[in-house]
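Going by my numbering, the sequence shown opens with residue 593, and the numbers climb by one from there.
Just so you know, the hints here were simulated from the structure itself, not pulled from any lab data.
In this text, all values refer to a predicted model and were calculated from it rather than measured experimentally.
Where hints are given, some of them may not hold.
[What the hints assert, rightly or not] In the SDA-like style, the derived pairs of lysine to any residue whose C-alpha atoms are separated by at most 20 angstroms in a straight line are:
| id | residue 1 | residue 2 |
| --- | --- | --- |
| 1 | K1211 | A1288 |
| 2 | K1211 | A1114 |
| 3 | K1083 | A982 |
| 4 | K1211 | S1264 |
| 5 | K1083 | L1238 |
| 6 | K919 | D950 |
| 7 | K933 | L857 |
| 8 | K919 | D956 |
| 9 | K1211 | L1238 |
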Amino acid sequence: MTATMNRVTRVTVVMLLAAVLLALAAPFGAAAQPTPTVPESPSRMRLDVASLVPRVITADTPVVTVTGRVTNTGDRRIDRVQVRLQRGEVLTTDTDLREAHNRKDDPVAAQSTFIPVADRLEPGASAEVAVTVPVRGADSSLRIDEPGVYPLLVNVNGQPEYSGRARLAAESVLLPALSVPGTGATATAGTPTGVTLLWPLIDDNPRVVQGPDGRPVLTDDDLAGSLAPGGRLHGLLTAIAGAGPQLLSATCLAVDPDLLETVQLMAVGYQVRTGDGRVAAGTGAPAAAAWLASLRALAREHCVIAVPYADADLVALSRAGAADLEKLALSSASVVSEALKPAAPLPGVLWPAGGTLDERTLADITGVGPTTVLTDPANLRGRQGAQPYAVGESAAVRALPIDPTVSELLGGDSGDPADQRRPLSVQGAVAAVALRTALTEPGRPMLIAPPRRWAAPSDELQVFLATLRDVFTAGFAQPVPLAQAVAAEPKGNAAGISYGSDERAAEIASTATAEVVRINAAQRDLRDAMSIDDTAQVDPQVLIAPLHYGLLRAASTAWRGRPGAAERATAEVAAQLGALSRQVTVNNPGRPLTLASGNSPIPVLLSNTMPVAITVRIKLGDTPGVRPEPLTDVLIPAHGAVNRYLPAEVIRSGRFTVDVSLSTPGGTPLGSTARLELTSTAYGKITLIITITAAAALFLLVGLRTFRRVRASRRTGAGEDLPAAGGAG
């Protein structure tokens, strides 16, 4: 047994020595080195791809070049850092494209040799990456021989200290090839694909609130940077303005009415709330004026649609029962018309957040008028035929599907803005456009809807627009104006639009929605109590409108996934409602009031600093010793005051306090409670009656007792004067 163990030991030692010798003999950077399918640790190294040239392979592009930077993000030194490109099999369907996007497994259809990046990287150190690989021909090329879309993996290997060699970072991109250099293989134009493009101009979040003096202010000055050169909204507008006439004819600007009102406010000078709560002058007036002028010039000759005011979450409002707010959000296209005149938004077009609506919201918008909903085709139930689709039995709602693949690869409604801002953020969509227009399913209409708050860098916007121009020029696609697509007769039917649990979970927080509904009910009741004063001639709606629009801002889809921000937005409107209601008060005299009798009325002074008249209801708090009588509602004129004497009965004497408060006839509190001090030396009617009754009873009892005693004494006196019985004779 010992001999057997010795033989096993010797064999093991020999195998280990052989492995060591083989490892030492292996050439540095050999292509045959094994590469694990997954990184050893996701925290060891970060790869930031900076550029891909070309973004689309044509007959004139024989090589593909990728540049970027690797950074050692771990706590160990990494030796022998190397990089190579690997490509996978050609992708032929939208599903394949979506699955391959950002997938970091190992495509092995072709791969280049490893190229050294750095001999060693200490923790925190970084190094430039640059790898150029032939499209075809050489053994280490990508070996692309036919047009198509290919997954491409940038694979970084290295050897961390105390560990074996491993893949430490990777980045996946989609690389379309419309032609193959040196072969004559090229995509052939068939039936051109009709392309329509939405171009969203929507702010990151609503910013207008009411300042201490009642004038609107902005919660921050970030919008000034977004409108200025280098900013997000400036980049979006500049990119599409230079897109060229053919592409512009296919483009429709999707504009938020709240953004336009905010920019108009900024252009004439505005104020911003600072971090410590003070108000300071804003800095973005020139940028706002220039941006607005550019938008007006572009909109004058091109398509515009209005999204709901402040991009309000229509389904959340509908489900909460705030149908009046929902209707206001949908009817705010007039704001766009006024801001961009003579341009006018295309009527009856709705682009909902998330690409879907529930049945209740659909019924609500049917009441507004005929509407074409731009929706995700996956949410169309019972879809039959071709687009556009008539939805349900009513002819009032139609559906025009957006292209789900292109929209998803651009970032989607829930796309992370950080991902949208990275280099190559539009590459997946570039590949999808090439696939849909030049490589598969030509002729099928394509409506492209980028993320609502698209944050792609300006150069990425230019790449995407250039791709669309190229497919137009090559005859693979043709522009279709949105107005034309909307006006087309339905070619298919859909039973309805689905709205599932994922969509419900994406709505703004229910706590914020509940507060919106509460404030909305209070402001409606306040509006009902107001009336036009003959002297001021101010419509109460002027005072209520800021509350209405503030509630729409508080219900914005910008707050999806941000419950804290949503609650702060609703708190702003609640504070605004409170400031308005506090303008109606009960004045406290600041001194005790003396009541002359038990039924003396309590004098109060009611004041109203609003420019409208308001009807109020006076309430007396429960106070021992005071019995209030029924009160009538009181009309207080604008900027006026009225004296009222509140009928009440004092049922005891002494000094006490009475709380007096105001509300609307519907019960919404107004102002603050006034505490009045009362002094009374008189009795009330009931007390007086009781006292008199008691006195009378006492008098009667005393008189009766006196009468009995007098009668008894008389009887006793008469008995003493009589002779004793049998005393005579």
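These are the hints, each one checked on the structure:
1. K1211 / A1288: Judged against 20 angstroms, a Cα distance of about 38 angstroms means the pair is violated.
2. K1211 / A1114: holds, 18 angstroms
3. K1083 / A982: holds, 8 angstroms
4. K1211 / S1264: Roughly 12 angstroms between the alpha carbons, so the hint for K1211 and S1264 holds.
5. K1083 / L1238: violated, 71 angstroms
6. K919 / D950: Satisfied, since the Cα-Cα distance of roughly 15 angstroms is no more than 20 angstroms.
7. K933 / L857: holds, 17 angstroms
8. K919 / D956: holds, 8 angstroms
9. K1211 / L1238: holds, 10 angstroms
When each numbered hint is compared with the structure, violations occur for hints 1, 5.
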